[in-house]
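K.L.:
Chains as they are written, first to last, in our numbering: chain L, 415 to 557; chain W, 890 to 1047.
Simulated from the structure, these hints should not be mistaken for lab results.
Small disclaimer: the values here were computed from a predicted structure and weren't measured.
Mixed in with the good hints, there may be bad ones.
[Claimed, not checked] Each pair of labels, with its calculated beta carbon distance range: (1) W:Thr-926 with L:Thr-508: 37 to 43 Å; (2) L:Glu-481 with W:Arg-951: 55 to 61 Å; (3) L:Gln-460 with W:Asp-985: 29 to 35 Å; (4) L:Lys-430 with W:Thr-1046: 36 to 42 Å; (5) L:Asp-466 with W:Glu-958: 35 to 41 Å; (6) L:Asp-466 with W:His-940: 40 to 46 Å; (7) W:Glu-1012 with L:Ser-461: 29 to 35 Å; (8) W:Glu-958 with L:Ser-433: 48 to 54 Å.
By construction, the Cβ of each residue, glycine as well, lies at the ideal position given by its N, Cα and C atoms.
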Amino acid sequence: MNTADQYLKAIYLVEKIESEPAATGKLAERLGVSPASANEMIGKLQSRGLVDHEKYHGATLTNQGAERARESLQTYCIIERFLVQVLEVDEFRTEATQLESVIDETVAERLDTIIDRKPQCPDCFAPDEDVCALLDAAPEAAD
Amino acid sequence: MSLSHRIGSDGQLVRLLQIGVVLEEVVEARAYEHGETLSHLDRATEDLLEHAATESAKHRERLTALIDELEADSVPFDRIQPLVAERYEADDEFDDVLYDQLCSEETAYKFYDDLIAAIESSEMDFSVDHERLLTVLSEIRADEAEGVEDVTRLMETQ
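Next up, chain L with everything else stripped away, as it sits in the complex (with noise of 0.2 Å):
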């Protein structure tokens, strides 16, 4: 997943959580990324139709971002489900954010033929708990 759609997964997950535009500062904190670098991605996504952004208010998602950003989501449940149900590994949610940069949608595709995906994905994630909602998962690999 390249990095102008880990930003639009970002924008996606923050406007869920917050109703409302996504702040500059809340994008830069999910993401682990400097305030100066999230406005300048935003800049070069609003160029390219996938965000709106208004100074002080935050960014909102297009149309177009927004269905490239449920696209994004859905891989990232991919890795996380691949991870839990045929990797077996506790540590899931970390591992998945650090993996995401480096599995392409059509990798993740092909993990999708051996795991227990349901057909509501990605709207059953929890933007809050960065976990699918239905995802089996024992609690104490919970953060």
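Let chain L serve as the given structure and place chain W on it in line with the hints.
P.N.:
Only chain W this time, still in chain L's reference frame:
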């Protein structure tokens, strides 16, 4: 490595190599399922699937050797094969079998290409010889590129 394509530890490298092993096992298991389920495959397609399964098994062994060197466990084939069989849906067409095989080869190529790029951009000193790691992965990537060509060639004749 949140927003970059770098790998920051032996653990992350192991995890990616394990994913490589699983991708190879999926190819091997799906080739087996195609052969078992579809009774009317032509000779050329059967040969291609057999070659793909044999090659995947070799790739798996090479990746497992790297994982062993990093003192971690690989992913046993008998854990992946039932998962593939459980969700395998055969479509009774040559084209679909070949298309599936093409997807496998292209996906594997993309995976190794991204993995090599991530290792090359990493400043980490892994507990496995850096040059050998890249040589093994580059050779496997070259096999996958050849595999894409082989399937494409066969698709054109059918």
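K.L.:
Give a verdict on every hint.
P.N.:
Taking the hints in turn, this is what the structure says about them:
1. W:Thr-926 with L:Thr-508: 37 to 43 Å: Given a distance of about 39 Å, which is inside 37 to 43 Å, the answer is holds.
2. L:Glu-481 with W:Arg-951: 55 to 61 Å: Distance hint for Glu-481 of chain L, Arg-951 of chain W is violated at roughly 39 Å.
3. L:Gln-460 with W:Asp-985: 29 to 35 Å: Taking Cβ atoms as reference, Gln-460 of chain L and Asp-985 of chain W lie about 42 Å apart, which means the hint is violated.
4. L:Lys-430 with W:Thr-1046: 36 to 42 Å: Violated - the Cβ-Cβ distance for Lys-430 of chain L and Thr-1046 of chain W, about 50 Å, lies outside 36 to 42 Å.
5. L:Asp-466 with W:Glu-958: 35 to 41 Å: For Glu-958 of chain W against Asp-466 of chain L, whose Cβ atoms are near 50 Å apart, the range 35 to 41 Å is violated.
6. L:Asp-466 with W:His-940: 40 to 46 Å: The hinted range 40 to 46 Å is violated for Asp-466 of chain L and His-940 of chain W, with Cβ atoms some 51 Å apart.
7. W:Glu-1012 with L:Ser-461: 29 to 35 Å: Check passed, 32 Å falls within 29 to 35 Å.
8. W:Glu-958 with L:Ser-433: 48 to 54 Å: holds, 50 Å
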